[in-house]
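*Asks:* The hints should help you fit chain S onto chain V, whose structure is shown.
Line order of the protein sequences matches chains V and S. According to this note's numbering, the first sequence is numbered sequentially starting from 21. According to this note's numbering, the second sequence is numbered sequentially starting from 21.
Please keep in mind that the hints were generated in silico from the structure rather than gathered at the bench. Don't take every hint at face value.
From the structure, some residues in chain S lie toward chain V, with a derived Cβ separation under 10 Å [as the list claims (entries may be wrong)]: (1) Ser212; (2) Ile216; (3) Ala217; (4) Lys267; (5) Asp319.
Computed beta-carbon distance windows for the label pairs [to be verified]: (6) Gly274/V / Phe324/S: 16 to 24 Å; (7) Thr41/S / Lys233/V: 41 to 49 Å; (8) Gly274/V / Lys262/S: 33 to 41 Å; (9) Ile297/V / Gln50/S: 35 to 43 Å; (10) Phe324/S / His294/V: 31 to 39 Å; (11) Pro141/V / Phe272/S: 52 to 60 Å; (12) Lys262/S / Glu96/V: 19 to 27 Å; (13) Asp403/S / Ile297/V: 35 to 43 Å; (14) Asp239/V / Ile139/S: 39 to 47 Å.
C-beta: ideal position from N, C-alpha, C; glycine also.
Spelled out, the chains give:
There are 2 protein chains.
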Amino acid sequence: MIKKRSININSVGLVQTDYYTFAAPPDTFQLLCGKKLSPITIAYETYGSLNSDKSNAILILHALSGTAHAAGYNDENDKYPGWWDTYIGPGKAFNTDKYFIICSNVLGGCNGSTGPSSIDPTTGRPFGLTFPMITIRDMVNAQWHLIQHLGIKTLLSVAGGSMGGMQALKWGILYPDIVKSVIAIATSASISAQGIAFNEVGRQAIVKDLRWKNGDYYDTGQPESGLSLARMIGHITYLSEKHMHEKFGRRFQGSEVPEFDFNDEFLVESYLRHQGIKFVDRFDANSYLYITRAIDYFDLKKDFGGSMINAFENVKSSFLIISFTSDWLYPSSQSKEIVQALRATGKNVVYTDIKTDKGHDAFLLENKALEKNIVNFLRIKFDI
Amino acid sequence: MIKKRSININSVGLVQTDYYTFAAPPDTFQLLCGKKLSPITIAYETYGSLNSDKSNAILILHALSGTAHAAGYNDENDKYPGWWDTYIGPGKAFNTDKYFIICSNVLGGCNGSTGPSSIDPTTGRPFGLTFPMITIRDMVNAQWHLIQHLGIKTLLSVAGGSMGGMQALKWGILYPDIVKSVIAIATSASISAQGIAFNEVGRQAIVKDLRWKNGDYYDTGQPESGLSLARMIGHITYLSEKHMHEKFGRRFQGSEVPEFDFNDEFLVESYLRHQGIKFVDRFDANSYLYITRAIDYFDLKKDFGGSMINAFENVKSSFLIISFTSDWLYPSSQSKEIVQALRATGKNVVYTDIKTDKGHDAFLLENKALEKNIVNFLRIKFDI
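In isolation and in its complexed conformation, chain V is listed as follows (with noise of 0.2 Å):
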């Protein structure tokens, strides 16, 4: 559903997002922890415009605090952009002139899919902690749903960042007979011990929290002081030393003379601080805790005898690896790991290391080597 803005050229527009409901009772979707969820909505935006034989989607996939607003506006006085409208709309690397744009937010989110927030069908109240443990694959076979319902057999690509990455792998592992690619940016075949140390602090900041009342505190409000604690510890692992420095380094917001006091007077803190509060405001404290929890449970070689090799091997997609130099929370280290089992597998794969100070957050900032590097490798593969 678009509607063109007219001032952005470049833009998709004004947007709106549509919600698919499936596994609506008698049905039911099954998940990896065992239960069973019934009804699921997936809350998702299109751009551009699917061809007659659809052959042209690409399915987009978030990261851990994303929405289904991947690009253009949902409304005239929004005051920014979808999240990754950077690379997607008319002429960019996600080129809405050629290809049909899906955005799903993941099942487990709390901007309009099924997730810990939505009503519990059995009770009238919110899920809160009886919601059930979610995973990546979870997350997967629930935009496979999605994917049938817009009628859609093959995809020219599944392509995200972080834990988009992380999805758009196991897409390729689960449906080698759809996908066509995978784009997979700053991810990991699983995350390190030092990742779950930070995810849990974060879940530990919100579940101490007195407000998170064990998770049901849906009618008295969110855990503010924990939410906005797990996302400042976030931000400092999205952003690398250097980028730090050069963005804040030791300046104080007021005077050059020091406050002696216990206010934001670094620029750092302040920003920090800025960054929590905001994302009380459009997060789910509960959906922060099972999203981060499918991070860290999510590992590839895991379900194959611990083997990369052996899960990667019946994969029919050609894949485009990319890491950034200055990400620490995904270590250009974790993607060669992927791109040495697949090239030992023979699967064609193209990586690139770019080359950054911009840490983990370049995969969603202006970035000319990434943008080339998708537009390249999906003109080589589908120069539709």
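*Replies:* Leaving out everything else, chain S in the frame of chain V:
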């Protein structure tokens, strides 16, 4: 005050903490922030014997959460010795057969020295947030009073890691006629924006804990959640990613199969939660705020027109600077910056970047290269 503990031949044995009080009214102690304190008590321990001309004293300076208890045992039933027992004792790097070792708890601390948990004599209640802001310079000046009290006119060395290294560097600059040598390990002339960011998240965890009560929690108990979270964040930064991977990896505590819940299933989660809980028993939350703030504010260059060369200009001591290759909280580059400035001013400086996977914590752990560097440096300088 040393009684040898016969069971440990290379230990200083049973030791007791002593206390020195100064700046008692009508005297006051002037702080950098402009405020005054009166009186001040400093907790300290000494190991070995001061020689007749009082020329064999070495002052050990502790890090963020350290205490005066650097070596030996305060009680026969103590499970663990002092925090730097690996390096202090008969025949050890800081050889108590040769040297008279002094270690004091910093001003602002919570282990015997005056700090925010101390009783404010004007109100009869703990200071809490009415305690004035403390800087590294104030810590050093308070230690200077202790050294005077002990009748010591020269210090063979001032030595410490992390914040202890900051104090050591500041000692060399403030008291060039007292300090013969500086041993600064895993430290910095000023921590990075990223370091301030981690400290800030730790502080926000404390002040957002409803039990913190604007610092006035001494009747009702510590803000346990906030303080333990701050410690968890700290511990992530003290370990290298590689060390964390080797120590915990992605291993579960129990079975190989995921439990699909929010318990501390991954080993690394269990480790961090345990470290957080332990810390609450031994450290005051307000001291955590004050001491991390002192670390943030520390900037060797700031008082010298932004020039580290100017800062070291009048220093007379020689220097041993040590960094660890995997320390990302106080990276080697920050030590190298200090070394360059020292060399540019023609100071006598030995620098070693010790190869280790142990991260920032390496200065507290057994490390043969660290030991050898300290032994050689002290022997060449002062073979007494």
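*Asks:* Now look at each hint and say whether the structure bears it out.
*Replies:* Comparing the hints with the structure gives:
Here the hint on Ser212/S is kept, as its CB sits about 6 Å from the closest CB of chain V, short of 10 Å. Checking Ile216/S against chain V: minimum C-beta separation of about 5 Å stays under 10 Å; hint holds. Among the interface hints, the one on Ala217/S holds; its C-beta lies about 5 Å from the nearest C-beta in chain V, closer than the 10 Å criterion. With a least beta-carbon distance of about 7 Å to chain V, the hint placing Lys267/S at the interface is held under the 10 Å criterion.
About 7 Å separates the beta-carbon of Asp319/S from the nearest beta-carbon of chain V, less than 10 Å, and the hint is met. Distance hint for Gly274/V and Phe324/S: a CB-CB separation of about 22 Å, consistent with the stated range 16 to 24 Å. The supplied range of 41 to 49 Å is met by Thr41/S and Lys233/V, whose beta-carbon atoms lie about 47 Å from each other. Look at Gly274/V against Lys262/S: about 40 Å separates their beta carbons, and that is inside 33 to 41 Å.
For Ile297/V and Gln50/S, the Cβ-Cβ distance of about 38 Å falls inside the hinted range of 35 to 43 Å, so the restraint holds. In this structure, Phe324/S and His294/V meet the distance hint of 31 to 39 Å, their C-beta atoms being roughly 33 Å apart. About 33 Å separates the C-beta atoms of Pro141/V and Phe272/S, a value inconsistent with the hinted range of 52 to 60 Å. Hint check: Lys262/S to Glu96/V, Cβ distance near 50 Å, so the stated range 19 to 27 Å is violated.
At roughly 59 Å, the beta-carbon separation of Asp403/S and Ile297/V lies outside the given 35 to 43 Å, and the hint is violated. Our hint of 39 to 47 Å for Asp239/V and Ile139/S holds, since their Cβ atoms are close to 43 Å apart.
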